[in-house]
Amino acid sequence: MKHGAGRHWTRSLRFRLLAATLAALAVALVLAGLLLSSLFRDHVMRQFSQALTAQLDQITARLEFDAAGQPQIDPQTLSDPRWSRPYSGLYWQVDGEGPVQQRGALRSRSLWDAVLALPTDVLADGVVHVHESTGSDGAALLLVERSVKRDNSADGGGNGAVGTSWRLIVAADLRETVAAVERFNGVLAASLATLFVLLCAAALAQVAIGLAPLRTLQRTLAGVRAGTSPKLDGRFPSEVQPLVDDFNAVLDRNAEVVARARTQAGNLAHAIKTPLAAMSQAAAVALQRPETGTDLAALVEEQVGVARRHVDWHLASARAAAAQGVPGARVPVQPVIHGLLRVLERVHAERGVALRCLPMAPDIAFAGEVQDLQEVLGNLLDNACKWARQEVQVSAASLGAGPGSRLQVVIDDDGPGIAPDRRDGVMARGARLDESVPGSGLGLAIVNELVGLYGGSVRLQAAPTGGLRVEVELPGA
Amino acid sequence: MRVLLVEDDPTLRAQLRAGLQEAGYAVDEADNGRDGHHLGASEAFDAVILDLGLPVLDGISVLKRWREAGVTLPVLILTARDSWHEKVTGIDAGADDYLAKPFHMEELLARVRALIRRAQGLASPLLQCGALTLDTRSSRVTLNGQLVTLTSHEFRLLSYLMHRPGSVVSRTELTEHLYAQDFDRDSNTIEVFVGRLRRKLPEATIETVRGMGYRLVMPP
Numbered sequence: 001m002k003h004g005a006g007r008h009w010t011r012s013l014r015f016r017l018l019a020a021t022l023a024a025l026a027v028a029l030v031l032a033g034l035l036l037s038s039l040f041r042d043h044v045m046r047q048f049s050q051a052l053t054a055q056l057d058q059i060t061a062r063l064e065f066d067a068a069g070q071p072q073i074d075p076q077t078l079s080d081p082r083w084s085r086p087y088s089g090l091y092w093q094v095d096g097e098g099p100v101q102q103r104g105a106l107r108s109r110s111l112w113d114a115v116l117a118l119p120t121d122v123l124a125d126g127v128v129h130v131h132e133s134t135g136s137d138g139a140a141l142l143l144v145e146r147s148v149k150r151d152n153s154a155d156g157g158g159n160g161a162v163g164t165s166w167r168l169i170v171a172a173d174l175r176e177t178v179a180a181v182e183r184f185n186g187v188l189a190a191s192l193a194t195l196f197v198l199l200c201a202a203a204l205a206q207v208a209i210g211l212a213p214l215r216t217l218q219r220t221l222a223g224v225r226a227g228t229s230p231k232l233d234g235r236f237p238s239e240v241q242p243l244v245d246d247f248n249a250v251l252d253r254n255a256e257v258v259a260r261a262r263t264q265a266g267n268l269a270h271a272i273k274t275p276l277a278a279m280s281q282a283a284a285v286a287l288q289r290p291e292t293g294t295d296l297a298a299l300v301e302e303q304v305g306v307a308r309r310h311v312d313w314h315l316a317s318a319r320a321a322a323a324q325g326v327p328g329a330r331v332p333v334q335p336v337i338h339g340l341l342r343v344l345e346r347v348h349a350e351r352g353v354a355l356r357c358l359p360m361a362p363d364i365a366f367a368g369e370v371q372d373l374q375e376v377l378g379n380l381l382d383n384a385c386k387w388a389r390q391e392v393q394v395s396a397a398s399l400g401a402g403p404g405s406r407l408q409v410v411i412d413d414d415g416p417g418i419a420p421d422r423r424d425g426v427m428a429r430g431a432r433l434d435e436s437v438p439g440s441g442l443g444l445a446i447v448n449e450l451v452g453l454y455g456g457s458v459r460l461q462a463a464p465t466g467g468l469r470v471e472v473e474l475p476g477a
Numbered sequence: 001m002r003v004l005l006v007e008d009d010p011t012l013r014a015q016l017r018a019g020l021q022e023a024g025y026a027v028d029e030a031d032n033g034r035d036g037h038h039l040g041a042s043e044a045f046d047a048v049i050l051d052l053g054l055p056v057l058d059g060i061s062v063l064k065r066w067r068e069a070g071v072t073l074p075v076l077i078l079t080a081r082d083s084w085h086e087k088v089t090g091i092d093a094g095a096d097d098y099l100a101k102p103f104h105m106e107e108l109l110a111r112v113r114a115l116i117r118r119a120q121g122l123a124s125p126l127l128q129c130g131a132l133t134l135d136t137r138s139s140r141v142t143l144n145g146q147l148v149t150l151t152s153h154e155f156r157l158l159s160y161l162m163h164r165p166g167s168v169v170s171r172t173e174l175t176e177h178l179y180a181q182d183f184d185r186d187s188n189t190i191e192v193f194v195g196r197l198r199r200k201l202p203e204a205t206i207e208t209v210r211g212m213g214y215r216l217v218m219p220p
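Taken in sequence, the protein lines are chains A and B. Going by my numbering, the first sequence opens with residue 1, and the numbers climb by one from there. Going by my numbering, the second sequence opens with residue 1, and the numbers climb by one from there.
Derived by calculation from the structure, the hints in this document are not laboratory data. Check the hints yourself; a few may be wrong.
Unchecked claim - DSS-like mimics (lysine-lysine), calculated; alpha carbons at most 30 Å apart, straight line:
# : chain 1 : residue 1 : chain 2 : residue 2
1 : B       : K101      : B       : K64
2 : A       : K386      : B       : K101
3 : A       : K273      : B       : K101
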């Protein structure tokens, strides 16, 4: 495919396909990455906080109170060595609450001199809360807390404080967890990027393979244009083949039209040569014998008439040939008939013939070119007007409905009519029953040819008013 | 009767002019659509012969502009294209009649005669005024069946009056309709022709309406 300078890049099919695929891929992969990463982090954090809660349970179980009601935890009873190693990353702390506000009343050795800072919230008894916070050394911490209430009345003494609450906190360093999440994210991003690259390559290959037939088609078409091949050869994918078949049909029809046009031009040229030769001959004679001047004039007049009839006939045939095809054309009949009647009323105003158009449904239509319908009905109506004594009547009806329906137009005149045995003859080219009425004698022949091209028919009958009835049947729409 | 001829082909124009003048019409000409449109819109004519394939402004456009401007002149259109599609287009643009080239001069003259007559609301080609009869087809005037010999100017004058029986026709109107634009117009010549015509017709056929013009008197 050549890309001209004026061609905008969005016009490229390849670009459109690739852009759409790549955009969709990128969006899908980024979304998948975000989802997987967040799922993984959630999972790891849940595991971590479950482990911490188990530690909190252990601390809670080891919590005792001395005679003064102060909490005591014997570090010897805690198995994990990290409780006692300073800044080990695992800590506990007991805060006093309620009447006695005592932050860091009791702490693990691992906390050393630091105190865990907590967001203040109200805890119901026994409920475990999870927080993320920052430790004294700036590391991220996960904290779980629970409050316990000591019933002072049990030992009956002390300072008499009733229901002192204590908050138990266990915290652990998130450093390793965060590192694990980051490692996972790195691997995930790398895998998704690799997947993206592979998918891009696949998309490129797909577009190249998918569009290859178009390239072939273009080469074949260039061959047709260069004249090396009369039509598009070869098999194409089933999506492209109908296009190729249609194009070949157009090429065939073009060739046919060109051939017919050549034949017609040739016929016309030959047809006109004869009257020209006759006139030239007569002119040569007249040059030698000037006294035959009137004979020459008469001959020129006659031969010009002959030439004119040939020209008329070929023009009409050319129009008819050009009219072929145009599928889907739909011409409402009523406006066409009314337009023709307006012309005929003027042209035949002197004869005083009444032109009547019977009411017809406005949706009656002809499947073809408007000019052809005008030509057919115009010639027939004109003929009827020439012969009618007082009245010409036209009606149209649709036989059947939808595609394949037929259009029937009936034209009656009250003229002399045509005897049944002479009706076939008048449809022939140049046939004229009465030379006294002006006309080239081509009207009916042109009508016959046009109607024949549309696969219709013309029938001549006797009209109820005594004249001629012409019944035309054409494809309807 | 004065006719406007709008045709671009010089040969055909000359032939048409000769034919029309021979038939007793005063002829004004234009060889393109713009001049033709201007003449038709500003001068008084009894009919127009309009070719459709014209330079500068095509015939259909000229016709449409006249009709839009309310010019009701009878128009006969001429064209080499004689498909019915063209005929419908021409008539719907406001033409009164249609003639396809090539044509015979007699055919054209018959159409023009009929157009002028129909424009005056006269149905028959025979114009009658008492014992006086004018046959528009043969350009013959008879009085009680006897042929009256008239010069072409006298005939034009009588024909114009007989196309408008009973109505007063001013000298200016007569001058406008009997002579082409380039003719030396002098209303005194009208008086001379009326005088000559009166001598050939029965007494009091042409009445002078003082200060207004002339009237053809219809016998009771």
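Okay, the hints, checked on the actual structure:
no.	hint	in the structure
1	B/K101 with B/K64	holds (22 Å)
2	A/K386 with B/K101	holds (19 Å)
3	A/K273 with B/K101	holds (21 Å)
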